[in-house]
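Peer 1: Below are the chains, spelled out letter by letter.
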Amino acid sequence: MSTAPQTTFEPKTATGRITNFVDERVGGSGMLREFGRKVFPDHWSFMFGEVALYTFVILLLSGTFLTFFFDPSMAETHYNGSYVPLKGVEMSVAYSSSLDISFEIRGGLFMRQVHHWSALLFVAAVSVHMLRVFFTGAFRKPRELNWVVGGVLLILSMAAGFTGYSLPDDLLSGNGLRIIDGVVKSIPIVGTYISFFLFGGEFPGTVIIGRLYMMHIMLVPALILLMIAIHLFMVVIHKHTQYPGPGRNDRNVVGYPLGPVYAAKAGGFFFIVFGIIAFVAATFTINPIWNYGPYDPSPVSAGTQPDWYIGWVDGALRLMPGWFFNIPMEWHIRFPWGVNTLSFNVLGPALIPAGIVFTALFLYPWIERWVTRDNREHHVLDRPRNVPTRTAIGVSGFIFYCVMWAAASSDLIATHFQVSLNDVTYWLRALFFIGPVLGFIVTKRVALALQRKDREIALHGRETGRIVRLPHGEFQEIHAQLDDYKRYKLVGYESPVAEEGIPNENGIVTKKENLRAKLSGFFFEDRVAPATPSELEAGHHHEAIEASDDDKAIKH
Amino acid sequence: MKALSQKRRHPLAALALLVMGLMLTGGLYAVVTTMNEAKADTTTFTAQQVEEGEKLFIANCATCHGMGASGSDAGPSLAGVGAAAVDFQVGTGRMPMQMQGPQAREKPKQFDTEQTRELAAYVATLGDGPAMPAEEFIDGGGDAAVGGELFRVNCAMCHNAAAAGGALTRGKFAPPLAGVSNSHMYSAMVTGPQNMPVFNDANISPEGKRDIITFLNTIENQGSPGGAKLGSLGPVSEGLFLWTAVLGVVIGFTIWLTSRTS
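Protein chains in written order, with the UniProt record's numbering: chain A, 1 to 556; chain B, 1 to 262.
Derived by calculation from the structure, the hints in this document are not laboratory data. Treat the hints loosely; a few may be bogus.
Anything over 12 Å on all C-beta distances counts as not near chain B; from chain A, calculated [said to hold, decoys possible]: (1) 32; (2) 223; (3) 528.
What follows is a list of derived Cβ distance ranges for each label pair [stated by the list, open to error]: (4) A/423 <-> B/22: 43 to 49 Å; (5) A/261 <-> B/169: 58 to 64 Å; (6) B/22 <-> A/322: 32 to 38 Å; (7) A/78 <-> B/55: 53 to 59 Å; (8) A/327 <-> B/197: 30 to 36 Å.
Cβ coordinates follow ideal geometry from the N, Cα and C atoms, glycine included.
Please put together the full structure from these sequences, using the hints given.
Peer 2: In structure tokens, the structure reads:
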């Protein structure tokens with residue numbers, strides 16, 4: 001007889017024997033026990049990360065299909081496929097094979113559209129997910145690093161999108177590449193060399209599609225996969241955040257366990273997302289490359305725009321004036337070796353707004369932590385209104401982005417709303433500076449007003465709309481008290497106060513500390529304090545009197 | 001030949017060369033600029049039509065274009081614009097103009113085909129200009145692929161590669177080309193209405209124009225292989241559709257999935 005504990009479980013069915021065999025060797029049940037018990041809170045806004053993950057899987061599947069038929073060669077050929085308006089036209093093999101995928105390969109056009117639509121949805125889901133994380137404060141300790149990983153994923157997804165957008169070598173994507181070439185060339189001194197290195201000679205050259213292809217199908221997806229792995233690993237370590245509510249605190253997670261409920265939901269959701277994408281791809285055209293014709297550096301079509309996620313950078317370029325009144329934005333600077341040109345009119349808009357957005361995005365968790373001196377772990381999210389200044393900063397950045405985003409479609413705004421293109425540009429230039437400030441002020445006021453409304457409701461209850469006339473002729477509206485669960489949401493949040501500068505060990509308030517104190521004031525000086533228990537008590541007492549008056553009135 | 005090479009250092013050689021160069025350029029220019037006019041007025045109008053056209057002109061157009069179409073502050077002289085210009089401007093309803101603005105907008109036309117021809121007949125008598133397009137060039141029987149290339153090089157920068165139209169400066173615009181008749185497309189190319197440049201026969205040959213028209217007919221009639229076109233406006237309408245409709249449906253499903261049955 002062998003040792004006893006090994007033989008305690010004797011599977012009775014064939015399936016049982018196979019799973020037991022595997023389990024004894026890899027210990028799967030242990031992992032399943034650990035992961036299956038991971039609890040995920042239920043809220044619709046938590047699912048955008050999943051949408052991003054699923055669209056990435058769809059991208060891998062449809063992208064693999066496309067690589068079977070796509071040829072990234074820039075050799076010249078004459079089109080001989082079934083699309084009549086391009087018959088016999090000289091074009092690159094890359095464009096020709098993209099047309100073949102669209103018109104000759106069975107299901108090819110559908111797969112191209114699946115790939116492109118899911119790419120747009122992928123970046124959109126990543127963006128919405130990040131907005132959710134920002135506005136609910138989910139980036140706070142211990143999740144700062146995961147926020148950074150998320151930011152890197154956003155940049156990588158834009159890179160994946162752009163490299164893919166350029167592959168078909170049609171007129172539209174070629175125009176986009178030309179803009180990238182212009183931006184690269186505007187880098188002082190080394191720009192021309194980088195451009196020649198990138199394109200293997202003068203633009204467009206004969207190598208760029210092949211190079212972008214390698215980045216698009218290998219380097220960028222591999223980096224995205226790596227980042228996703230790190231991202232999910234950290235999600236498991238940190239556990240999921242949850243919205244505030246009764247019984248929820250920083251030490252627990254209220255929700256469903258992964259197995260079986262959540263796993264079923266998540267698995268089903270993958271097919272739902274796939275189904276939506278498939279439906280849209282089957283019924284709505286995306287990137288009709290046959291309309292644009294082969295790339296040729298001479299024509300530039302009206303209405304040339306990048307895909308939405310690059311739009312804001314394109315918009316910044318459109319907003320930038322070449323001349324500021326009488327001052328040119330392109331400078332010729334004399335050096336001992338000759339004259340160098342600094343094209344600030346291209347370099348500035350291409351790099352500065354994106355630099356501002358991404359720097360702020362990556363640094364924000366640390367800035368807020370420094371200002372609040374809050375070093376505790378947070379697993380319960382903030383309602384955006386309860387952190388008015390952060391919410392206002394977020395909206396301000398969002399508007400900054402959206403103004404540039406709108407500028408990328410300035411020509412379509414002009415034609416479709418029958419206004420002058422120049423006026424659209426002037427207004428957007430003004431909004432570029434004024435919009436974020438206005439957005440900040442308005443959002444902060446709205447958030448504070450909502451907080452006051454919450455406080456009012458917590459103290460005095462909800463207006464029922466029932467008007468009662470008292471015996472002495474007075475009219476009163478009956479207020480209904482909230483139940484404890486609902487009231488908890490309105491009063492159960494932290495509201496830090498603005499801090500004075502704290503002297504260091506030598507008793508001196510340093511300049512840095514002074515700045516921190518000022519920022520702390522900026523964040524919290526006009527806070528609306530949540531109703532305290534004693535205030536609630538007083539408020540309810542008042543209500544009780546009213547209610548008893550009411551009772552009397554009715555009894556009479 | 002030897003004499004010529006010996007004289008090449010003569011003090012007047014440079015002058016002689018300059019004169020020869022100027023004459024050559026001038027001569028070529030003269031030939032090129034007359035190529036368009038050479039084809040003018042191949043269609044004939046009857047005297048009756050001219051007479052009727054003048055009456056219509058005085059009643060409807062002279063307010064801005066002046067008596068005898070000599071022009072005024074409100075409208076240009078029409079001498080030499082040709083019958084094709086009338087065919088396009090009046091035939092598409094752009095003239096008489098609804099109001100002064102960055103450019104005349106298309107609207108329901110005010111004159112029927114016969115009246116438009118009469119007006120064209122009258123304007124054609126004012127001076128040589130592009131004639132009504134010949135039938136052979138507007139039959140849409142050219143080479144769509146060649147037309148497509150010509151269109152992308154010459155037209156797409158304003159009208160968009162899919163002929164969906166585009167914006168110009170200060171409220172001017174290039175209209176979408178779907179639904180424009182072949183005859184009007186041809187007239188527009190030879191007369192350059194509103195803010196459009198003239199594409200004369202030296203610039204794009206009549207056969208080339210025929211190819212362009214064929215291309216536009218083809219893309220208008222072929223339908224959209226990939227499904228609904230979203231206005232053929234490119235990535236902006238695609239992005240807008242994604243952010244509204246697609247993301248809206250996705251959010252709908254997330255709300256459904258996380259709702260409880262309580």
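Peer 1: Decide, hint by hint, whether the structure agrees.
Peer 2: Results of checking the hints against the structure:
1. 32: 23 Å, holds
2. 223: 24 Å, holds
3. 528: Label holds. Min Cβ-Cβ 29 Å, cutoff 12 Å.
4. A/423 <-> B/22: 43 to 49 Å: 46 Å, holds
5. A/261 <-> B/169: 58 to 64 Å: 59 Å, holds
6. B/22 <-> A/322: 32 to 38 Å: 36 Å, holds
7. A/78 <-> B/55: 53 to 59 Å: Roughly 56 Å apart at Cβ, these two residues keep to the hinted range, so it holds.
8. A/327 <-> B/197: 30 to 36 Å: 32 Å, holds
The structure fails none of the hints (numbered hints given earlier).
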